[in-house]
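Undergrad: Residue-level listing of the chains:
2 protein chains.
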Amino acid sequence: MTTDTYPQKGFNTVNRYKHQATYDVEMIHSVINSTPVLHVSFVPDPSIPAPIVLPMIGQMGLFPGDRARGEEEWNCYLHGYVSSRLMKLADGAVKRGEEGLPLCVAATKVDGFVLTLTPNTHNYNYRSAVLQGFATIVEDQEEKIWAMELITNSVVPNRYENTRIPPDGAEMQSTRILKLKITGASGKVREGVPNDERKDMKREEVLDTVWTGVIPVYEKLGDPQPGPYNRLSEIPDHVKSFVQEQNKTREKYAFDAAHKPAPVKRVKKGEEE
Amino acid sequence: MTTDTYPQKGFNTVNRYKHQATYDVEMIHSVINSTPVLHVSFVPDPSIPAPIVLPMIGQMGLFPGDRARGEEEWNCYLHGYVSSRLMKLADGAVKRGEEGLPLCVAATKVDGFVLTLTPNTHNYNYRSAVLQGFATIVEDQEEKIWAMELITNSVVPNRYENTRIPPDGAEMQSTRILKLKITGASGKVREGVPNDERKDMKREEVLDTVWTGVIPVYEKLGDPQPGPYNRLSEIPDHVKSFVQEQNKTREKYAFDAAHKPAPVKRVKKGEEE
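Those protein sequences? They're chains A and B, same order as listed. Mapped onto the UniProt record's numbering, the consecutive letters of the first sequence carry residue numbers 1 to 273. Mapped onto the UniProt record's numbering, the consecutive letters of the second sequence carry residue numbers 1 to 273.
Derived by calculation from the structure, the hints in this document are not laboratory data. All the given hints hold, so there is nothing to weed out.
SDA-like cross-link-like pairs, simulated, lysine to any residue; straight-line CA separation at most 25 Å: (1) 252(B) - 235(A); (2) 202(B) - 174(A); (3) 240(A) - 207(B).
Just need the whole structure built from these sequences, with the hints factored in.
TA: Take a look at the structure:
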């Protein structure tokens with residue numbers, strides 16, 4: 001990518017808890033890529049300002065064909081539970097000569113429950129990312145297959161090549177992939193031990209009676225359970241080692257986050273928009 | 001509640017994978033209530049059909065004061081990272097005599113990765129819920145405190161009464177709670193072993209070489225980590241027993257889901273809208 005941070009302008013500017021905000025491309029992409037379900041929002045009827053949210057699977061990527069044409073910005077490819085309504089809207093926008101359907105994609109990873117002295121200071125350790133942009137349907141067959149592989153392998157690496165491929169004609173026809181061209185993106189991170197306000201840190205009876213600390217939280221992968229028509233006696237390495245490595249990495253992140261220093265500042269007046 | 005299912009009308013009607021759809025109130029509420037972060041969508045500028053999504057904490061509830069007035073429908077109370085922008089919009093809507101700000105709230109729990117014979121049939125075990133409605137700011141002080149307790153205890157049960165309460169004047173003023181009056185809701189559930197299409201179930205070489213099964217997924221709570229100014233030598237029971245019980249329940253759900261029968265039908269032509 002040409003830039004390490006997303007530009008800060010308009011809607012993607014984080015106005016609350018500014019010290020926890022990030023526009024770092026690598027961090028934002030990592031939250032999107034490691035979240036199994038993205039929440040995708042769009043407006044079904046432009047005459048009514050009421051959005052709808054759908055859970056979808058997605059992944060950041062730069063299609064080699066785009067790269068060859070000099071493109072440097074990564075897109076978000078979306079798949080799964082893509083309603084025909086969404087598809088018609090994206091199609092309609094392009095036909096009207098617009099850039100695509102305005103979409104907002106959000107991903108949040110909860111890394112811990114931060115238990116403090118008062119309800120008000122309770123918090124989560126978390127990482128979140130929000131993308132905004134315009135979505136179009138991927139029509140190019142080569143790009144579509146490339147995105148299908150990208151998305152399948154985002155669930156379990158190397159899974160695509162360990163299944164029956166390539167997709168046949170009916171599968172290619174029934175699969176639809178959305179490509180989100182990103183116009184703005186932002187992220188937020190909170191990590192670290194609890195922090196409380198000065199007024200409560202002076203109250204001996206409060207400090208003596210309220211337990212404070214962090215409950216680490218992470219998405220755990222259980223031992224793979226063979227299905228009823230599975231014939232392989234051993235769980236293949238691309239599944240087994242993935243589960244082991246992920247569990248180590250995820251657990252470590254949550255526990256590390258629970259012990260890092262707290263964010264320096266809490267919310268201040270004037271930081272809110 | 002007066003009804004066990006949400007009415008099926010307009011936007012909340014699930015048109016894809018109908019056999020996985022649910023309008024069951026208890027199921028929808030349980031997904032919302034057990035999801036630590038809800039994704040809340042709104043349209044910041046009604047003249048532009050571009051939504052934004054914010055991560056928030058929320059919980060279903062029926063305020064005793066409302067119940068006393070004969071209300072029977074539960075609302076969704078939202079807190080946390082409530083931008084002032086969102087608050088201004090909700091306030092503006094009410095001042096214009098509207099029901100509130102149109103919001104869509106989504107929650108998804110991933111229960112497993114379902115690995116099948118082909119990329120196309122790969123799936124998740126999951127539970128998702130989507131609420132639509134109109135949001136207003138809770139102004140009544142009694143209702144606000146009640147909602148703060150509801151939301152704090154949704155993170156860890158009984159946490160509220162184990163902290164320094166009640167909130168003081170500054171805390172009451174800085175806290176804002178949104179109340180979503182629900183006009184439509186829907187949910188989706190997929191559980192069970194893998195299922196593949198007939199064409200692949202006949203291919204011996206595919207069945208002989210592709211591992212199929214489920215990787216159970218659940219949100220694991222790690223051992224509570226005391227913070228730097230914690231003075232209690234023991235982790236209190238409301239924290240310790242919560243972590244133990246939750247881990248048992250969550251693990252069991254994900255493993256049970258991995259072994260249930262697969263949904264009877266896969267997507268059929270004509271089910272999509």
